[in-house]
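Peer 1: Listed here are the chains, written in short residue letters.
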Amino acid sequence: MSEGRVIAGENASMSEEPVNRGRRRATWGAIAALIGAGAGGEIKAEGFGPASDSATPVQQGREGKAVPLFDPALEERALALGRQLRCVVCQNQSIAESNASLAHDLMNEVRQMLGAGKTEQEVIEFLVARYGEFVLFKPPLDVRTAVLWGGPFALGVGAVAALWWSIHRRRSESQPLSEEERRVADRLLAEGESTGDQR
Amino acid sequence: MRWRFVIPLVIFMGFVGLFVVGFDLNPRAIPSPLVGKPAPFFSLPRFDQPDQMVTPEMLRGKPYLLNVWATWCVSCRMEHPELMRLAGEGVRIVGFNYKEVRGDASVDARRLSPEAEREWAWARIEEWLQKGGNPYDVVVVDLTGRSAIDYGVYGTPETFFVDAEGIIRHKQVGPISRAIWEGELRAKWLAIAGGEKGGPYERR
Chain A
1 MSEGRVIAGE
11 NASMSEEPVN
21 RGRRRATWGA
31 IAALIGAGAG
41 GEIKAEGFGP
51 ASDSATPVQQ
61 GREGKAVPLF
71 DPALEERALA
81 LGRQLRCVVC
91 QNQSIAESNA
101 SLAHDLMNEV
111 RQMLGAGKTE
121 QEVIEFLVAR
131 YGEFVLFKPP
141 LDVRTAVLWG
151 GPFALGVGAV
161 AALWWSIHRR
171 RSESQPLSEE
181 ERRVADRLLA
191 EGESTGDQR
Chain B
1 MRWRFVIPLV
11 IFMGFVGLFV
21 VGFDLNPRAI
31 PSPLVGKPAP
41 FFSLPRFDQP
51 DQMVTPEMLR
61 GKPYLLNVWA
71 TWCVSCRMEH
81 PELMRLAGEG
91 VRIVGFNYKE
101 VRGDASVDAR
111 RLSPEAEREW
121 AWARIEEWLQ
131 KGGNPYDVVV
141 VDLTGRSAID
151 YGVYGTPETF
161 FVDAEGIIRH
171 KQVGPISRAI
181 WEGELRAKWL
191 AIAGGEKGGP
201 YERR
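So the protein sequences, as listed, match chains A and B. Residues 1 to 199, numbered by our numbering, are exactly what the first sequence covers, in order. Residues 1 to 204, numbered by our numbering, are exactly what the second sequence covers, in order.
So that you can see chain A by itself, here it is in the shape it has in the complex:
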């Protein structure tokens, strides 16, 4: 459904990653851009030329740069909060880490709200009200998420219980050999000694 959907400034953000981890990102960004261009080429809307063929200026770059706060303590709080919030565009990054345009917008929003004296909880509520609990890396513990939070522990407890049960049962099941069984075993062992070890 979202194939070919344009996320604001995504390509730009990819090609402007810091150099240390940027090389591969840039390659992927280029590939994504090519795919995007390919998809764009296939779309032939009636009487529709390129959106802004003549208007696009020569400068390269992107908009929406982060605007850090001057107060270092407040900036640190904003970043700490941002690291707990998932970027809806790039999904596996937090809005503090992401270079997506929307992540910058949201980080700046977080900075502004903290600067205006809002609490962390208020900022989180602000974003959850708009983007849903999806933005929380750490979902709240309630009835709907009980399985999510409790599941791993339940599985662990279940696994230990199953192990204990099976060991216990095996132990109680093992009984000394009967006279008949012992004779058969002796015979088999004796045969093994006479014919075995001729590898």
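FYI, nobody ran anything at the bench for these hints, they're computed from the structure. We treat Cβ as the ideally placed atom computed from N, Cα and C, and that holds for glycine. A portion of the hints provided could be inaccurate.
[As the list claims (entries may be wrong)] Covered stretches of chain B (chain A as the covering partner; in silico rule of three or more C-beta atoms under 8 Å from a C-beta of chain A):
no.: 1; region: 26 to 39
no.: 2; region: 148 to 162
[Stated by the list, open to error] Some chain B residues flagged as far from chain A (calculated, every beta-carbon gap over 12 Å):
no.: 3; residue: Gly-22
no.: 4; residue: Thr-55
no.: 5; residue: Gly-103
no.: 6; residue: Asp-104
no.: 7; residue: Arg-169
Here the structure of chain A is known, so what remains is to put chain B in place on it, guided by the hints.
Peer 2: Chain B only, in chain A's frame:
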């Protein structure tokens, strides 16, 4: 005791079932918490009368689609003919232009003055609506994207289904194609617009 050998198979099939469902889900489709809530407030300039501000309050009374779009958005171009068709059928569509200049990855909007950004955005929208036609009842322009945050917009296109009371009833993420409209969205539109006398779909 034979049935015990079936247990791993059953577990395996369970995982297969999870994967079959899971890989078919779209991780980009994030459910909107706004469905069932009133359309969030904004006050944005009209495209055709930039000195006039539009609020959701002014849009109430008739149901509408709030279509978030931009000229740099390829998928928006893809869905545009479908929007034209829907508008022709009487569906009221409100255009919400999103970060027209600064959302464009090929543009460095930081070098533009606010006036220049505004002027350029208007020129780009004008060109688009001339080339592709104008399916919109009214177009509002959100240059900074701040109002879009209140709608939980995280890309373009996105389309909100707003009923006559101004309540958001559905959110479509990604372009509206003919197939998606007929298969799923048309019913949702009729649910908010169908019963209304003289409303959309009755003008046909």
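Peer 1: It remains to establish, for every hint, whether it holds in the given structure.
Peer 2: Going through the hints against the structure:
1. Taking a C-beta to C-beta cut-off of 8 Å, the region 26 to 39 of chain B contributes 9 residues in contact with chain A, enough for the three needed, and the coverage statement holds.
2. Only when three residues or more bring their CB closer than 8 Å to a CB of chain A does the claim for the region 148 to 162 of chain B stand; here the count is 8, and the claim holds.
3. With a minimum CB-CB distance of about 15 Å to chain A, B/Gly-22 clears the 12 Å threshold, and the non-interface call stands.
4. The non-interface label for B/Thr-55 is consistent with chain A: the shortest C-beta to C-beta separation is roughly 18 Å, beyond 12 Å.
5. With a least CB separation of 4 Å from chain A, B/Gly-103 falls inside the 12 Å interface cut-off, contrary to its annotation.
6. The claim that B/Asp-104 lies off the interface is violated: its Cβ sits roughly 8 Å from the closest Cβ of chain A, which falls inside the 12 Å cut-off.
7. Under the 12 Å C-beta cut-off, the non-interface status given to B/Arg-169 relative to chain A holds; the minimum distance is some 17 Å.
Consistency note: the structure conflicts with the earlier hints numbered 5 and 6.
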